[in-house]
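Spelled out, the chains give:
There are 4 protein chains.
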Amino acid sequence: MRSPIPDYLEEMLGIVRSDSTGERANYIQALATADPEVLSAAFATVDGVIYAAGDANQEISIQSISKPFVYALALADRGFDTVLANVGVEPTGEAFNEISLDSQGRPRNPMINAGAITAHALIRGPEASPPERMAAVLEGLSAFAGRTLEVDEELVSNELGQAHRNLAIAHMLASYGILPTDPRAAVEGYTRQCALLVTTKDLAIMAATLANDGVNPLTGVRVVDAAIVRQVLSVMATCGMYDAAGDWFTQVGIPAKSGVAGGIIGALPGQVGIATVSPRLDRHGNSIRGVSLFERFSGDMGLHLMEVPPPVSSAIRRSRTLDAVGTVLRVVEIQGSIRFAAAERIVREFASGRCTESMIALDLTEADSLDDVARRMLLEVTRRLALEGREVFLIDPAPLIPDPDPGEGARLTVYRSLEDLLSTRGGVTSAASNT
Amino acid sequence: MRSPIPDYLEEMLGIVRSDSTGERANYIQALATADPEVLSAAFATVDGVIYAAGDANQEISIQSISKPFVYALALADRGFDTVLANVGVEPTGEAFNEISLDSQGRPRNPMINAGAITAHALIRGPEASPPERMAAVLEGLSAFAGRTLEVDEELVSNELGQAHRNLAIAHMLASYGILPTDPRAAVEGYTRQCALLVTTKDLAIMAATLANDGVNPLTGVRVVDAAIVRQVLSVMATCGMYDAAGDWFTQVGIPAKSGVAGGIIGALPGQVGIATVSPRLDRHGNSIRGVSLFERFSGDMGLHLMEVPPPVSSAIRRSRTLDAVGTVLRVVEIQGSIRFAAAERIVREFASGRCTESMIALDLTEADSLDDVARRMLLEVTRRLALEGREVFLIDPAPLIPDPDPGEGARLTVYRSLEDLLSTRGGVTSAASNT
Amino acid sequence: MRSPIPDYLEEMLGIVRSDSTGERANYIQALATADPEVLSAAFATVDGVIYAAGDANQEISIQSISKPFVYALALADRGFDTVLANVGVEPTGEAFNEISLDSQGRPRNPMINAGAITAHALIRGPEASPPERMAAVLEGLSAFAGRTLEVDEELVSNELGQAHRNLAIAHMLASYGILPTDPRAAVEGYTRQCALLVTTKDLAIMAATLANDGVNPLTGVRVVDAAIVRQVLSVMATCGMYDAAGDWFTQVGIPAKSGVAGGIIGALPGQVGIATVSPRLDRHGNSIRGVSLFERFSGDMGLHLMEVPPPVSSAIRRSRTLDAVGTVLRVVEIQGSIRFAAAERIVREFASGRCTESMIALDLTEADSLDDVARRMLLEVTRRLALEGREVFLIDPAPLIPDPDPGEGARLTVYRSLEDLLSTRGGVTSAASNT
Amino acid sequence: MRSPIPDYLEEMLGIVRSDSTGERANYIQALATADPEVLSAAFATVDGVIYAAGDANQEISIQSISKPFVYALALADRGFDTVLANVGVEPTGEAFNEISLDSQGRPRNPMINAGAITAHALIRGPEASPPERMAAVLEGLSAFAGRTLEVDEELVSNELGQAHRNLAIAHMLASYGILPTDPRAAVEGYTRQCALLVTTKDLAIMAATLANDGVNPLTGVRVVDAAIVRQVLSVMATCGMYDAAGDWFTQVGIPAKSGVAGGIIGALPGQVGIATVSPRLDRHGNSIRGVSLFERFSGDMGLHLMEVPPPVSSAIRRSRTLDAVGTVLRVVEIQGSIRFAAAERIVREFASGRCTESMIALDLTEADSLDDVARRMLLEVTRRLALEGREVFLIDPAPLIPDPDPGEGARLTVYRSLEDLLSTRGGVTSAASNT
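Residue numbers (this note's numbering), protein chains in the order written: chain A, 1 to 435; chain B, 1 to 435; chain C, 1 to 435; chain D, 1 to 435.
With the rest of the complex left out, here is chain A (with noise of 0.2 angstroms):
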């Protein structure tokens, strides 16, 4: 069977592929002269899988969309307390290469040119080269990418000459004590970050890095953790899309970032990257064709972050007793992924006082996941419990909760199946499912 996925992209390109509204950037020939109907659209899962349509290998500069991967580097360099110091983290309702200050003379976030050209400053510290601090750039975003990228020096040399702007506001920073580097420095660094040469499938696998908690799916490499991770999308969500992160919030509801060359990446936390390319834009500066495959995407496949998801049939698969050597044994099956609501719902079974048995088994063998709180709860329950007088047991085969400690005075059983917990324990009696 040949998968939907490709074919699904294909068509989705078919149908914008007709809107040729919207103008290349022109301030620089590089762009204003770019094949204008260049289009393309790449998916990338969490486990590294790729669907690509349309001119999916085609090299284009990254732009902007090297924001968000070097404020991650930067903030992995040297830490939240520094680069938060230096650059904020509010919309600011304005174009990308407005000043933006706010009133501690920091850019008002780093995906407009004067927050991003401070995290690129940032990186390796004042003392570093331009470039060691490229170096440096360069190996991170590699690292996102999945394989060695390259600048396009001719490119670079085009928008140096262009650059007016981008020192403005470089002088502007430094004048406030905000840029640590020289200026002219900064930019031109700045400059050749941006003209590092990405194929839309590159662009994906960079989003999915993200989507996937800061592990590259392809090579497996931690690139940043997930705290960083974390920070990042939220800088997307609120601010990727310049003057129209509302619009694109409500309408597509994916943390994104676009670039002038006519590249947008999203990223969808746990499930996918996304990347499309297609150089006409619009007065935002977003790629017209991309913002359209975007809310289809969004759309068609429920990728809206708040989007509410069906409601779980129930995190508790079976809850029934045992008759288990001479006495009666609790049984509750755990199924499917436990976040916090899921986890809710197994402390309330425990809490309505219909569980009333002196010996309760925890069954984790049906559950997916289990995170952080999720963990944390399940033992805070297996603690009262024990402080109630009664005895816990963890049928945990993966295991979820590894070396669970339920606190002190609390003791905790752990087995692998209820059968090892039965062989050990004593046969069983009879069974009566009560759930």
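Read the hints as simulated data drawn from the structure, not as lab findings. Be aware that a few hints might be false.
Pairwise CB distance ranges (calculated) [claimed, not checked]:
#1 Ser417/C - Gly326/D: 46 to 54 angstroms
#2 Tyr27/B - Pro402/A: 51 to 59 angstroms
#3 Gly407/A - Pro397/B: 24 to 32 angstroms
#4 Pro397/A - Ser352/B: 43 to 51 angstroms
#5 Glu408/B - Pro6/A: 17 to 25 angstroms
#6 Gly299/C - Thr82/D: 15 to 23 angstroms
#7 Asn26/A - Thr219/B: 55 to 63 angstroms
#8 Gly407/D - Glu150/C: 19 to 27 angstroms
#9 Ser292/C - Phe80/B: 47 to 55 angstroms
#10 Pro6/A - Phe80/B: 30 to 38 angstroms
#11 Gln29/D - Tyr27/B: 43 to 51 angstroms
No residue lacks a Cβ here, since even glycine has one placed at the ideal position from N, Cα and C.
Given chain A's structure and the hints, the job is docking chains B, C and D onto it.
Frame of chain A; chains B, C and D shown alone:
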């Protein structure tokens, strides 16, 4: 066993209680003399359980927390086109009482006063009398809360004596032709809407109604539809905390709204509605202890929207072949909640070329839920398999795919269980799991 | 001989009449349907002669031209401190109906609506009833015009129906505690003030009252004092023509104010009051033909404030010595209008060491006027000469220095003519002019 | 006799010396370590006399005081059209180092850094090399000062190390296509211009050159023409004191400019150039003692532009008839400085119908000066009288109206004195004064 959740809430209240910084709103007597030590928090689950701690039954005025709900009512009452023509969705980076009109004269979003007054005035259209409009607002907010709310008329008088800024805003809107009604009536109605009395529990239920896709989890009444919920949550996410929206999104990551009487609500889609009350405010007008509680809730419970969920072990529980009725039957068992990413893995199983059998059974017995896109993707799989000449069976006891229509030409037989299928089509000869 | 001045005015009207660009104010019916061809100009001299051409007796509503006069009345009524605490004096670079409050919440100047509404509301203090306040405004503006002006009450009703922006401004001012009265009453009073009916001749006389240092040249009544006139003319110079203030100052250089009904006034200190009327406005809200007329008047008549006056031949008409009463008398004859620069030249004559005689007569017979500083400088000269032991005489028939007090110890004898001096002190023997 | 003017200056310095509030500019070492107690004031008359007190020969860097002069040079060098296309004339209400571009991307005026850098860069056109441009600026400023000024090159180096804000401004201007030259070269040239060393006396002479209509009163050299002086003084009046322009205009009323090294100049057309130096600045960047001195000078000496001058007794000294050559001759004697207002009174005399004689003599012997419009108005009078068939004579010894041309058909005979007229035309029989 006592549920640990109320204990957790109490513990958190205990931690933040020591912070007595900030000031009560002081522009009117009633707020300036409110008991500054009132402190409470409540969680309401999407199936209607409320956990509360502190002064959770004490009434406060809802104030700006009414804004997202009245925006929802306006969308329901007048449609997206009309509302969006009069109120934007862009964050402003400005304080709540800034006029903040965009280039079309529209308030930038419905969370600032200008947008909220406009949203109020839109309800029931320009022909409605102010009492009719207020009745609709009261009825709508009561539906969100699940009980009939009442207006604090003394507070209304109090506020109207200090309503110069809102009157300025309303007259300015009228001068741009944005406000469809008399500015003084709009301000009076809006002021009355803000003076509705709610408890912390009410606020949690109101938030939970959004988290539950528009259905009040206490009453089961659908208050607004899913598209409206998505819009409202999006606007809360980007504009709900005024000029601290970016800080809130990165730090807390829960769509939220605060009010000047000290309330804050947060709604996490599909999971939980949260409310806190504490009257002392920071310079943005947000409750200081409330913000602190939300930061703790988000961190402790993994509620941040950009928290990447733990990887799902697998959407495919088991894929095996059975020798049945003289041929080989491929049985693919699905488990968990299936949205796009999980559906993609199922598609991939069939597109891999591994499943070459001429009879295929898709077993949904262990699946918890399917969203729209998952449903469409699985049906597309069955259609494509059928087009290849295979015979496809759906085992769907719930059913999760009612009345499946795989498309023209394709045949799909549905069974309630594998046993039904086998007994109908003939017994199993032998079985081999290959996943 | 017919005076050429009315002919000049007619000629200018003829030239600008061909320009029919611009639009009448269209926010209310009465202005939108005004005869667009009305055209007039008038000059009023500081001694009360009026030259007029075109429709100079036709009444229009005074509109914003009332602003400088009501500002003057507020200063007279409430004092500089109170008025300056509530309204600033800085140009804004913004349109007249911008709110433009400074960091203290004050309107930036009294020529924008916010400042003008505040100035109106200040009159007679917060205790005055609106009718009392309006009576004072009416009386004051009538004193500037030299006749009792009347309000067009139909226009008032008309304007009040469209007063949303002014109401917004007034409520905003109230919210900052700037407006001492009820915002609606302030806007209603201000609207009534703007609806006073005036002819072009009235406007010229009003302007001439400012040019004549606050004394109405027709009635001889002092309406406001000199310090207020200086303040009002200063504010007109920098803020009178809205966001085109700099253009106006460089091109025309006459303190001025325009109104939306098509009037413009200009006042050149000590020289002339000018008024023009033509209803079609440019995008700043200034009458197009009116601006054109003022540009011609300024250029043709050398009225630009920054026009450097031709050098005065000499303040000293003649300096000679006479042999009188057995000694030599130095007679220094002063001529013309003596302000600082001229007085400095007289001072220089004595400080030069040229006048060594022991008897000195300062002859003011041919001097036209002395301002304060000139008076003080000449007295200082007499005091210093006396301190050197010389005998000093003042010949002052007017007198231009009444009751001269040269300071302690100095003696100064005043005569009505040189003849008086000589006949008193003894005849002239011989005379030698040395200047 | 010692002139009281230096004594007055000393006295004023003594009064303000006690005020040691404010801070020296501290962005560079050279300014931050300047002697804060330096204090001086100087007056320069339009005929070249300098009065000075305090440290008036000490050199400081000219800084922003160079702005009006380089603006004047740009106007002279490139013409009004080119300069106005690149730099506006509107006050900004903002600080000097705000970028403040108008909707066309032009700096709002030449007194803010953006406009001053542009004015500098315009000189000699885009083809000129930076040294050529600087040579022209140096030559021009030296012409204003009347001596060859020198650059403090150490200060230039110092300033260039801190020039980020100006570089930001220059690059921003370049990005809008406003700056015709390389931004770094423009900033370097502008910085060098600001580092010219001047004494307080130099500054007073520079101001006096403006007050003297563009002619240096020391050297007699015309530096720029009258139209440029008018433009420059206008811009100084409205934009010279940054965001305190309105305060300055109402309080002081003298076109002025301040510099960050502590200098202030003021130029009162036709009267005097003033300069003060004291390094401690207020929050606007204006010298605190300097502002205080100017307030005193303006008040004490009646120098406020909006000071209404005392009424001129009469432009007509005497109007009488003489019986001459068998007919009656009307002799009208003019006195004083005749500008529009005085000329109007002369016109009025003839238009009154009082002068019915067939022979008319206009006697300018006692007139000090006539400006253009006065000259034209008097000629128009002679023309009209001639058209009525009267014989008209002009008695003009100076002459104040060289080569008078009363227009076609009119005849006008000029004499050097009344005696000449009478002796030529026949003796006087009898004389009767009727004024």
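So, going through the hints one by one against the coordinates:
{"no.": "1", "hint": "Ser417/C - Gly326/D: 46 to 54 angstroms", "result": "violated, 36 angstroms"}
{"no.": "2", "hint": "Tyr27/B - Pro402/A: 51 to 59 angstroms", "result": "holds, 55 angstroms"}
{"no.": "3", "hint": "Gly407/A - Pro397/B: 24 to 32 angstroms", "result": "violated, 40 angstroms"}
{"no.": "4", "hint": "Pro397/A - Ser352/B: 43 to 51 angstroms", "result": "violated, 27 angstroms"}
{"no.": "5", "hint": "Glu408/B - Pro6/A: 17 to 25 angstroms", "result": "holds, 22 angstroms"}
{"no.": "6", "hint": "Gly299/C - Thr82/D: 15 to 23 angstroms", "result": "holds, 21 angstroms"}
{"no.": "7", "hint": "Asn26/A - Thr219/B: 55 to 63 angstroms", "result": "holds, 57 angstroms"}
{"no.": "8", "hint": "Gly407/D - Glu150/C: 19 to 27 angstroms", "result": "violated, 45 angstroms"}
{"no.": "9", "hint": "Ser292/C - Phe80/B: 47 to 55 angstroms", "result": "holds, 50 angstroms"}
{"no.": "10", "hint": "Pro6/A - Phe80/B: 30 to 38 angstroms", "result": "holds, 33 angstroms"}
{"no.": "11", "hint": "Gln29/D - Tyr27/B: 43 to 51 angstroms", "result": "holds, 49 angstroms"}
In this structure, the earlier hints numbered 1, 3, 4, 8 are contradicted, and the remaining ones agree with it.
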